[in-house]
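The hints should help you fit chain A onto chain X, whose structure is shown.
Residue numbers (the working numbering), protein chains in the order written: chain X, 1 to 172; chain A, 1001 to 1172.
No lab work stands behind these hints, which were simulated from the structure alone.
One or more of the hints may lead you astray.
As the list claims (entries may be wrong) - Short derived list, chain X residues pointing at chain A, Cβ under 7 Å:
{"id": "1", "residue": "W23"}
{"id": "2", "residue": "P26"}
{"id": "3", "residue": "A62"}
{"id": "4", "residue": "R108"}
Being a predicted model, the structure only gives us computed values, none of them experimental.
Where is the CB? At the ideal position from N, CA and C, for every residue including glycine.
There are 2 protein chains.
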Amino acid sequence: MKRTSFARWPCSIARTVDLVGDWWTPLVLREAFYGVTRFEDWQRNLGLGRNVLAERLKRLVAEDMLARHRYQEHPERHEYHLTEKGRDFFPVLMAMLSWGDRWLDGGRGAPVALRHLPCGHLTRPEVVCGHCRQPLTREEVQGELGPGFPPKLRTLPLVEKRFARKGERVSS
Amino acid sequence: MKRTSFARWPCSIARTVDLVGDWWTPLVLREAFYGVTRFEDWQRNLGLGRNVLAERLKRLVAEDMLARHRYQEHPERHEYHLTEKGRDFFPVLMAMLSWGDRWLDGGRGAPVALRHLPCGHLTRPEVVCGHCRQPLTREEVQGELGPGFPPKLRTLPLVEKRFARKGERVSS
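The shape of chain X in the complex, shown without the other chains (with noise of 0.2 Å):
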């Protein structure tokens, strides 16, 4: 069966869900950031069927978030290595594992503790205003229509009553 793509899209959630929102794919990307480069610790850490993973390690380099290269030639083998693109993912597992320790530790507490090296401490991710560094709450952002909303839907009526129209460009 085929699925309905999100990757056209214009909401980021979508193309990134369309992306990464496979069960296996953000857990791949997981053992990544652990280390993992080679096919095999996947297989053996993950669980997953070879089949699965080949796909799945397929679409994250056509995607550029991981890097193939040949480390032995006879015979031929390869490591899979985070590009820039896949680094940047990183934040992304940390507001998920921030929100599962919170809601999905049956009451036993988080499973892995984060220990943010810089400052020392044992860290709970937040996700914050890049601008005034404030947690980000649903009643305190509001959404509008960016530089990359397609303009021949920017008429539809659900668009013009879910967005305010200010015309402005995003800036970081």
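What follows is chain A alone, placed relative to chain X:
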């Protein structure tokens, strides 16, 4: 085909993926954050099949991310509202959006800009250490066994190799 369940893995990323890591669920939540509460609105806005939507809403209610309320008796109709657990997922979507804005915008800029109302600026969400408020990078975060890690798994070679074992408890 029954998928692998990650719900009991000792990893909050895996548990979160198990709950919301299919293609539609994060978008069902996105709509809830935009204020959608009714089946017909989700169905129209996302264009997904009714059976798929019904199954996702049922899961989110069972997991206490959405609460179901009857708003009409004849015929019986229900609304779905975010619970505290559901509202707390907002930062995860913000982290996904921020990554997608950076890497999946096709060079056209963010489709949707976010205004942070308290500071008034267009914002880019960042994931920071809850203690020192500095951005979290892979190189500066170290995983340690937490209180919720199953005792019987602590001596596995992979686990011993992967985690420092300080025996400290997580504090936020």
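Q: Of all the hints given earlier, name the ones this structure violates by number, lowest first.
A: 3
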